[in-house]
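Asker: The chain contents come next:
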Amino acid sequence: MIVYLLTTFLFVLGLYCLVAKKNIIKKIIGVITMEYAANLFLILVGYKARGIAPILTKGASKTEFVTKSVDPLPQALVLTAIVIGLGTIALMVALCIRLYERYGTFDMSEIRRLRG
Amino acid sequence: MTEPDEGMTLIVKTIGRLVLNFILLFGIYIILYGHLTPGGGFPGGVIVATGFILLMLSFGRRIALKKFGDLAASLLDNLGALAFLIVAFLGFVGGYFFLNFIDRGTPFDLFSAGTLPLSNIAIGLKVSASLYGVFVALAIFGKAIVGGDRTGKGKAEGEPANSQEQKG
Amino acid sequence: MLLMIFLLIFMNIGAIIAIETKYLLSSVISIGAVGFGVSIMFLLLGAPDLAITQVVVEILILIILIRGTIRLDNTAIEKYRDTFAMVASLIFFGLFLTFAYVAFKALPEFGHPLMRVSREYLQHGVERTGATNIVMSVVLDYRAYDTLGEATVLFTSIVGAFVVLRSQGRKKVGEEDTTQVGIPGDF
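Protein chains in written order, with the working numbering: chain A, 1 to 116; chain B, 1001 to 1168; chain C, 2001 to 2187.
If we strip away everything but chain A, and leave its shape as in the complex, we get:
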């Protein structure tokens, strides 16, 4: 339970950073933190106490593997999500570069003051 709560706290920190900070890079950092927390939470839900990785090794017995292995399904979903997160962060950084080229600053309030 306390593990879940700490992960949620990490998520909330990212959300706070996304909402309350003015700098765009700080906002990107908030999104990254939220992404880490979400991935970590999914893996935590699938953890089995004193479990082993869901990879069959040579000579291991099948029944022991089935009873002791952790849940492979969230791992498979999160594995792709991590790489997708990298792609979306690259897109956000590209948008930031264009904003900086246009306005010469990373500050949201400054950008709002300059145009409209």
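Keep in mind that a hint or two might mislead.
Claimed, not checked - Computed list of lysine to any residue pairs in SDA-like fashion (alpha-carbon distance at most 20 angstroms, straight line):
| id | chain 1 | residue 1 | chain 2 | residue 2 |
| --- | --- | --- | --- | --- |
| 1 | B | Lys1013 | B | Phe1059 |
| 2 | A | Lys27 | C | Leu2072 |
| 3 | A | Lys22 | C | Ser2030 |
| 4 | A | Lys27 | C | Ile2063 |
| 5 | A | Lys27 | C | Ser2026 |
| 6 | A | Lys62 | C | Glu2120 |
| 7 | B | Lys1013 | B | Arg1062 |
| 8 | A | Lys48 | C | Pro2048 |
| 9 | A | Lys27 | C | Lys2022 |
| 10 | A | Lys48 | C | Val2117 |
| 11 | A | Lys27 | C | Ile2077 |
| 12 | A | Lys68 | B | Thr1037 |
| 13 | A | Lys22 | C | Thr2075 |
| 14 | A | Lys27 | C | Phe2092 |
| 15 | A | Lys68 | C | Met2001 |
| 16 | A | Lys62 | B | Gly1105 |
| 17 | A | Lys27 | A | Arg102 |
| 18 | A | Lys48 | C | Glu2120 |
| 19 | A | Lys68 | C | Arg2116 |
| 20 | C | Lys2022 | A | Met108 |
| 21 | C | Lys2105 | A | Thr8 |
| 22 | B | Lys1067 | B | Met1008 |
| 23 | A | Lys27 | C | Ile2029 |
Unchecked claim - Covered, in the sense of this in silico footprint (three residues per stretch, anywhere, with C-beta under 8 angstroms from a C-beta of chain C), are these stretches of chain A:
| id | segment |
| --- | --- |
| 24 | 5–12 |
| 25 | 34–43 |
| 26 | 47–53 |
| 27 | 73–79 |
| 28 | 88–95 |
| 29 | 100–110 |
Hints were generated in silico from the structure; no laboratory data involved.
Where a beta carbon is used, it is the ideal one built from N, C-alpha and C, also for glycine.
Using the hints, position chains B and C against chain A.
Answerer: For chains B and C alone, coordinates are given in the frame of chain A:
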């Protein structure tokens, strides 16, 4: 501000030259043995992309682009996506989409598990090419501001030199 | 278990430093510390594939953030606080934590997952797909549609980054661009 074309110092270049081959080898190992050991197309592709990004960071943009340009990167990206789709469509040989139609083989062999290694290779190609491509895009096209004035006002004089560099 | 709690507290402290520090470079480096903490957590939780991926992706995120943004503007942020936004967001996030606590009571206890579907995968995955890495057999065989969709999302985001970054097109502005097409005026 130093010229970003030059790359880094001699120390970084020497170590990078030594390490680069091992990084690429490790990435390819991770991709090929994905169905037996931890790894697979996604991490292996990112590792290969990291190797090429190391090349670009240490040797400068010009040498890296001569080896592997942005057109080649986007081409390989599309090729990887198409290969994955073709593997999926080949499942219609046996009846349905994404059917594992090749013989499974014995477990713990390199050539086992049917279409899984093929899909791994396709995904590794796609992920590595696309991540390298986005880094190239950040390095080339985002350069209009990196090389120019800090305030972004000196764009008019920085523009022609920039467009000429893209040609070369 | 104790190690996990310790690591999570470490990651929370790293995130707080990353959010509250004045200098952007130290902020990015702190988020790197959080990412490596996540990687070690994955290793402890029995997910070596994810640990490998997380390490490499973390390195790439640091490189992209530093090369792409910090290089342009590394000025310290001046202390400017919007008190109303801060207080309102803190209240809402306190509520969020409370509701999360209530919701977590319905979840199965930590360390005892349900695994109704996954037991099937674990039992028959090796015979049916031939892959000894069950995660890969789920990614590429049982749930390959999902992977196809994710590949599409990756493709879309990369294409978006290319389009946003490419300020001028490949074609040069020439004569043929200015000629009029369509129905001429004295038709």
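Asker: Each of the hints needs a verdict: does it hold here or not?
Answerer: Now the hints, each set against the structure:
no. : hint                     : in the structure
1   : Lys1013(B) to Phe1059(B) : holds (6 angstroms)
2   : Lys27(A) to Leu2072(C)   : holds (17 angstroms)
3   : Lys22(A) to Ser2030(C)   : holds (18 angstroms)
4   : Lys27(A) to Ile2063(C)   : holds (17 angstroms)
5   : Lys27(A) to Ser2026(C)   : holds (15 angstroms)
6   : Lys62(A) to Glu2120(C)   : holds (13 angstroms)
7   : Lys1013(B) to Arg1062(B) : holds (14 angstroms)
8   : Lys48(A) to Pro2048(C)   : holds (15 angstroms)
9   : Lys27(A) to Lys2022(C)   : holds (14 angstroms)
10  : Lys48(A) to Val2117(C)   : holds (15 angstroms)
11  : Lys27(A) to Ile2077(C)   : holds (13 angstroms)
12  : Lys68(A) to Thr1037(B)   : holds (18 angstroms)
13  : Lys22(A) to Thr2075(C)   : holds (14 angstroms)
14  : Lys27(A) to Phe2092(C)   : holds (18 angstroms)
15  : Lys68(A) to Met2001(C)   : holds (17 angstroms)
16  : Lys62(A) to Gly1105(B)   : holds (18 angstroms)
17  : Lys27(A) to Arg102(A)    : holds (19 angstroms)
18  : Lys48(A) to Glu2120(C)   : holds (16 angstroms)
19  : Lys68(A) to Arg2116(C)   : holds (14 angstroms)
20  : Lys2022(C) to Met108(A)  : holds (16 angstroms)
21  : Lys2105(C) to Thr8(A)    : holds (14 angstroms)
22  : Lys1067(B) to Met1008(B) : holds (18 angstroms)
23  : Lys27(A) to Ile2029(C)   : holds (15 angstroms)
24  : 5–12                     : holds (count 7)
25  : 34–43                    : holds (count 4)
26  : 47–53                    : holds (count 6)
27  : 73–79                    : holds (count 6)
28  : 88–95                    : holds (count 7)
29  : 100–110                  : holds (count 5)
Hint compliance for this structure: no hint is broken.
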